[in-house]
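Visitor: Sequence:
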Amino acid sequence: MRPKLILLSCLLLMTGIVFGQTEITGLVTSQEDGEPMIGVNVIVKGTTIGSVTNLDGEYSITVPEGTESLVFSFVGMRTLEIPIEGRSTIDVIMELDALGLDEVVVVGYGTQRKSDLTGSIVTIGSEDYEEQPVNRLDQILQGRTAGVNVTNSSGAPGGELSMRIRGANSINGNNNPLIVVDGFVGVDFRDVNPTDIESIQVLKDASSTAIYGSRGANGVILITTKGGKIGKPTISVTGRYFISNVLKTYDLMDAATFAETANARANDVGSAPPFTSQEIDEFRRTGGTDWQDEIFRTAFGQEYQLDYTGGTDRIGYYVSGNYLDQEGTVINSYYKRFSLRTNVDAKITDWLDADLKVSFIRRVNNNTTGDGRTDGAIGGTLAWAPTTPARDANGELTINDPVSSIKSNPIELALNDRIVETNTFNTNGGFLFKIIEGLTLNVGYGISYINAQTKNFSAGRLSNNPDATRRTDETIFLQNTNTLTYDKILGGIHRITLTGVVEHQLFQTDGFSSTATNLQFPDFRYDNITLAGGVSSLAFKEKQTIQSFIGRVNYALMDKYLVTASVRSDGSSKFRGDNRFSTFPSLGVGWRLSEEAFLQNVSFINNLKLRGSWGQTGSQAIPVYGTVTTFYTDDYEAGTSFENGALTPGIKIGNPGNPDLKWETTTQFNVGLDLAVLDSRLGLEMDYFQKNTTDLLISEPLPAYSGGGSIFRNLGEVKNTGVEFSLTGRIATASEFSWYSTLNATFLKNEVTSIGDREAIYLDGDAGAGMTNLPENVLIPGYGLTNYYGLTYLGTWKSNEADEAAVYGNVPGDSKFKDFNSDGVIDADDYGIIGSGIPETLLGWNNTFGYKNFSLNIFFQSMMGYDKWNFAYAHSVMAVADAREATHSDITNRWTASNETDIPHFSETDLVEIQSSRFIQPGDFLRLKNLSLTYNLPQDFIRGVNGSVTIGALNLLTITNYGGIDPEAYTNRGPSDARGADPGAYPNAKTWTLGINLKF
0 MRPKLILLSC LLLMTGIVFG QTEITGLVTS QEDGEPMIGV NVIVKGTTIG
50 SVTNLDGEYS ITVPEGTESL VFSFVGMRTL EIPIEGRSTI DVIMELDALG
100 LDEVVVVGYG TQRKSDLTGS IVTIGSEDYE EQPVNRLDQI LQGRTAGVNV
150 TNSSGAPGGE LSMRIRGANS INGNNNPLIV VDGFVGVDFR DVNPTDIESI
200 QVLKDASSTA IYGSRGANGV ILITTKGGKI GKPTISVTGR YFISNVLKTY
250 DLMDAATFAE TANARANDVG SAPPFTSQEI DEFRRTGGTD WQDEIFRTAF
300 GQEYQLDYTG GTDRIGYYVS GNYLDQEGTV INSYYKRFSL RTNVDAKITD
350 WLDADLKVSF IRRVNNNTTG DGRTDGAIGG TLAWAPTTPA RDANGELTIN
400 DPVSSIKSNP IELALNDRIV ETNTFNTNGG FLFKIIEGLT LNVGYGISYI
450 NAQTKNFSAG RLSNNPDATR RTDETIFLQN TNTLTYDKIL GGIHRITLTG
500 VVEHQLFQTD GFSSTATNLQ FPDFRYDNIT LAGGVSSLAF KEKQTIQSFI
550 GRVNYALMDK YLVTASVRSD GSSKFRGDNR FSTFPSLGVG WRLSEEAFLQ
600 NVSFINNLKL RGSWGQTGSQ AIPVYGTVTT FYTDDYEAGT SFENGALTPG
650 IKIGNPGNPD LKWETTTQFN VGLDLAVLDS RLGLEMDYFQ KNTTDLLISE
700 PLPAYSGGGS IFRNLGEVKN TGVEFSLTGR IATASEFSWY STLNATFLKN
750 EVTSIGDREA IYLDGDAGAG MTNLPENVLI PGYGLTNYYG LTYLGTWKSN
800 EADEAAVYGN VPGDSKFKDF NSDGVIDADD YGIIGSGIPE TLLGWNNTFG
850 YKNFSLNIFF QSMMGYDKWN FAYAHSVMAV ADAREATHSD ITNRWTASNE
900 TDIPHFSETD LVEIQSSRFI QPGDFLRLKN LSLTYNLPQD FIRGVNGSVT
950 IGALNLLTIT NYGGIDPEAY TNRGPSDARG ADPGAYPNAK TWTLGINLKF
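Going by numbering that gives the first Met the number 0, the first residue of the sequence shown is number 0, and it counts up by one from there.
Don't take each hint at face value.
[To be verified] Taking lysine to any residue pairs in the SDA-like style, the calculated list, with each CA pair at most 20 Å apart, reads:
#, residue 1, residue 2
1, Lys433, Phe668
2, Lys231, Tyr316
3, Lys542, Ile475
4, Lys335, Gln138
5, Lys346, Gly428
6, Lys998, Ile941
7, Lys113, Lys247
8, Lys454, Glu411
9, Lys542, Gly570
10, Lys247, Lys998
11, Lys225, Asp416
12, Lys113, Ser593
13, Lys542, Thr471
14, Lys346, Tyr316
15, Lys851, Lys989
16, Lys540, Gly428
17, Lys989, Ile330
18, Lys989, Thr150
19, Lys228, Glu411
20, Lys228, Thr150
21, Lys228, Val318
22, Lys113, Gly124
23, Lys989, Thr248
24, Lys748, Ile779
25, Lys346, Thr482
26, Lys231, Val62
27, Lys540, Val566
28, Lys851, Ala733
29, Lys797, Phe924
30, Lys454, Thr468
31, Lys998, Asn40
32, Lys998, Asp939
33, Lys748, Phe668
34, Lys433, Tyr444
35, Lys718, Asn173
36, Lys851, Leu932
37, Lys989, Gly962
38, Lys335, Asp416
39, Lys542, Lys661
40, Lys225, Lys817
Please keep in mind that the hints were generated in silico from the structure rather than gathered at the bench. The model shown is predicted, which means the values in this text are computed figures rather than measured ones.
Please construct the entire structure, taking both the sequences and the accompanying hints into account.
Guide: Structure below.
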């Protein structure tokens, strides 16, 4: 009898458990098109119990007894809380959340509701670009966000770029923003695989960036990578294929025209013609050498991505692998990237969560054109004569062109190696302790190990002196971040979040470099540099630590009145004494007028918020040991031995230290407005900002009598003032057709307001061989950070100006320059500012059209109000070594007595000055940056598989008056922000793409 009672009791207990739970099913569709939505999260409110909709938009979830509501959420849609009310079937229609007011936005060391933000923060989600042919972070950011200027200084695959958020602040330091990936600071933008990104937040004003203190002066980009999702595991496979060509080439003379022009020049100056009529006829028959065609090519590329995502209510995981292999449009240039990432997050107990993120990226880049100088491969194509054959009768490269100052064959320059191999291993994560309700402690860590190998080789066939360099750099970065957060709602109207952070960072780099000249076995290139005529080696080590203490308060009253205040104290080992620590405060306020009673009856206004902020950030833009005196040995300083006359080494001061150096400080003021009207179909964000950077850190040259070198000083101030607009619109939302558009504009003024006790600071941009012998860039109060310095070109002296020309020793047809001091002499005293390289206006216009299964994206980008110094063009229309070096077709339109143009005639006495406004050209351009068409395969095309096919193009159309190949490209040599000089920089490419994506 007793066993039966026990069995009956167990059955009753199980029945109670079963009847204590309820299964709820339903269908989730989109309000816009009525289609089922895949991947919508369905969560039992207040628990970790959840589900996700399947391929048909259906879900099923078992809820405990007493559950009152379910929460439905999806990126870009309004989060809905639906009461159960005893129902077993609940169908839901998701609405587009154009404003994302309920969206939780990642901010520094935490998160906030978008509606509570007082700062200027822009969010870019993966859905904004995932169907577009992008494989680098800069391609996502370029032109898509007001106040952000992304410029590809080199179009080489894997090449350099510059990012500027609200202008440039520093002369000596790097003006690129801080990149933070999952809380890990200082990540290289090339170490981020765009497919791994869930969302990007761009922090622009001081209320947002001050919490990053000494590293936030240039703005901050926060990246959150993808994590696990509750539900059935999903596999995503993507393949992309690329075909690229150079945007355009210079209009150069063919061999016959060049030879005729060279003979005409010889006749004008009274010398023997260099080419016979028979040679010219042969050039007409063969065409000569097209040097641009010799080094440019059609480039191919491929990229593959594999993702595996899944999770339960206790653990989530995301695993991805990516491989990119991309040729450059210059022969021998390429970029290869291989990446792996694993993200795991787990709910260990009710009071403890943990997460772990591990990534490995290997990058191999061969930028054969180097720094983009006039004596590089691209610059050489404009200097070598088309009458010179590329190869001799034996098929060997021609060693030299007797009339070119670029001594090496451009093909040889392109075939030289400048390889950088970088292996980066990152791991970061932490533990989240839920101490009591609303109080959490996040103990985070991060470790980064970077090994970089540099391998350079130059054949040196002209001088018969091949050389090579091999360098190894190992960098370790450690980060510990401890964040205590208290989040509480008091009385139903007071929302308070308190955040306290203690953070420690350590950077250490060990390096070794060897350079060999006169290689005995050049076929081995950089792999056996010990067998050489001369070998020099250098070893170095750097170590830096930063300690930070951070506090922040977020307060919202009735969701109307908002306050954010923060303070950060940073200590850096770069500085000494009392200057080691600095404090960076900020304050932001907001007022949501749309929540006030007096606007409740204004139905067309959905959101109206005023914002204001003030704050300070810093920069430590000096070398690790910039405050201490450095020394090095020099054979020549100590003289020779009395015994044998041999050179003996001595000690020389490298750079004197300055123990009084202190932080650069940027103070920023911002006011903004957020507006949404017509059921949130139209939205406007507008900001006015002013940034003042004081105590600029500048490396100032010292006179030779003091030993030379340079010393760092705090000298000068820079101001950036601007207005930003961002307009969004859901123009069409029909069931089968949609049109979503965003337009952003930035108007910026950059100005140096002080340089201390100096009238001007002259900087050398180092454009290359035979170019300039005076500074190319100058800093003068009242002008910007990038100002070109030279003579003002007035054209040519005309025949009716012969008498005036004679005063300057000129004749009609010679170059005419402005004599500023009216002394009858054209010299360095007549130099002045002749152009600016910082754009005044930035525009971006993005349109996404949807029709049934098709999606079309059209994105335009524009920069206006800036100049380019076209050194490459200058080299092709003037003679540095000999007039025959001029190869551009413009030479055929030179000044003559019957054709008085502004292109100077041939002359041996004319001052043909490259450092003049003659070669300053407007860089303004409008570019069709991206065009992509995606077709989503029907759900029944392959059962259980979703797929899409995308064709697209990058840089398809460029409208510009710039005379070079690419208005974006510029040299990356010279001072930090000496942008705009183009001595033969690697241009961006026009790229066609085909992509296929399948999800299982």
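Visitor: The structure should be examined with respect to each hint, and the outcome stated for every one.
Guide: Hints and how they fare:
Proximity of Lys433 to Phe668 is assessed by CA-CA distance (about 36 Å); at most 20 Å being required, the pair is judged violated. Only pairs whose Cα atoms come within 20 Å are accepted, and Lys231 paired with Tyr316 is accepted, the gap being roughly 12 Å. For the suggested pair Lys542 and Ile475, the alpha carbons sit about 10 Å apart, so the restraint of at most 20 Å is met. Of the supplied pair hints, the one linking Lys335 and Gln138 holds, its CA atoms being roughly 17 Å apart against a limit of 20 Å.
For the suggested pair Lys346 and Gly428, the alpha carbons sit about 14 Å apart, so the restraint of at most 20 Å is met. Simply put, Lys998 and Ile941 have alpha-carbon atoms about 11 Å apart, close enough for the 20 Å limit, and the pair holds. At roughly 44 Å between alpha-carbon atoms, Lys113 and Lys247 are farther apart than 20 Å, so this suggested pair is violated. As the CA atoms of Lys454 and Glu411 are separated by approximately 17 Å, the hinted pair is consistent with the 20 Å bound.
Between the alpha carbons of Lys542 and Gly570 the distance comes to roughly 14 Å, so the proposed pair stays at or under 20 Å and holds. About 38 Å separates the Cα atoms of Lys247 and Lys998, which puts this hinted pair outside 20 Å; it is violated. Distance hint between Lys225 and Asp416 is unfulfilled; the C-alpha atoms sit about 37 Å from each other, more than 20 Å. Between the alpha carbons of Lys113 and Ser593 the distance comes to roughly 15 Å, so the proposed pair stays at or under 20 Å and holds.
As the CA atoms of Lys542 and Thr471 are separated by approximately 16 Å, the hinted pair is consistent with the 20 Å bound. With a C-alpha separation of about 12 Å, the suggested pairing of Lys346 with Tyr316 holds against the 20 Å cut-off. About 29 Å separates the Cα atoms of Lys851 and Lys989, which puts this hinted pair outside 20 Å; it is violated. Proximity of Lys540 to Gly428 is assessed by CA-CA distance (about 28 Å); at most 20 Å being required, the pair is judged violated.
The straight-line distance between the Cα atoms of Lys989 and Ile330 is roughly 16 Å, inside the 20 Å bound, and the hint therefore holds. Between Lys989 and Thr150 the CA atoms are separated by roughly 16 Å; this keeps the pair inside 20 Å, and the hint holds. Taking the CA atoms of Lys228 and Glu411, the gap is about 53 Å. The hint is violated against a cut of 20 Å. Of the pairs offered as hints, the one joining Lys228 and Thr150 is violated, with about 35 Å between alpha carbons and a cut-off of 20 Å exceeded.
A C-alpha spacing of about 12 Å is found between Lys228 and Val318, which places the hinted pair at or below 20 Å, so the restraint holds. For the suggested pair Lys113 and Gly124, the alpha carbons sit about 14 Å apart, so the restraint of at most 20 Å is met. At roughly 12 Å between alpha-carbon atoms, Lys989 and Thr248 fall within 20 Å of each other, so this suggested pair holds. With a C-alpha separation of about 15 Å, the suggested pairing of Lys748 with Ile779 holds against the 20 Å cut-off.
Between Lys346 and Thr482 the alpha-carbon distance is near 18 Å, which keeps this suggested pair within the 20 Å criterion. Of the pairs offered as hints, the one joining Lys231 and Val62 holds, with about 19 Å between alpha carbons and a cut-off of 20 Å not exceeded. Of the pairs offered as hints, the one joining Lys540 and Val566 is violated, with about 33 Å between alpha carbons and a cut-off of 20 Å exceeded. For a cut-off of 20 Å, the pair hint linking Lys851 to Ala733 stands: about 10 Å separates their Cα positions.
With a C-alpha separation of about 33 Å, the suggested pairing of Lys797 with Phe924 is violated against the 20 Å cut-off. Distance restraint check for Lys454 and Thr468: the Cα-Cα separation of roughly 6 Å lies within the 20 Å cut-off, and the hinted pair is therefore satisfied. A hinted pair counts as satisfied when its Cα atoms are at most 20 Å apart, and Lys998 with Asn40 qualifies at roughly 18 Å. Among the hinted pairs, Lys998 with Asp939 is consistent with the structure: their alpha-carbon atoms are about 13 Å apart, no more than 20 Å.
Restraint check: the Cα-Cα separation between Lys748 and Phe668 comes to about 15 Å, which is no more than 20 Å; the hinted pair holds. Restraint check for Lys433 and Tyr444: the C-alpha separation of about 18 Å stays at or below 20 Å, so the hint holds. This hinted pair checks out: Lys718 and Asn173 have alpha carbons roughly 17 Å apart, not beyond 20 Å. Between Lys851 and Leu932, the direct Cα distance comes to roughly 13 Å. Compliance with the 20 Å bound is thereby established for this hinted pair.
Between the alpha carbons of Lys989 and Gly962 the distance comes to roughly 17 Å, so the proposed pair stays at or under 20 Å and holds. This hinted pair checks out: Lys335 and Asp416 have alpha carbons roughly 15 Å apart, not beyond 20 Å. Straight-line distance between C-alpha atoms of Lys542 and Lys661 comes to about 19 Å, which keeps the hinted pair within the 20 Å bound. Between the alpha carbons of Lys225 and Lys817 the distance comes to roughly 60 Å, so the proposed pair goes past 20 Å and is violated.
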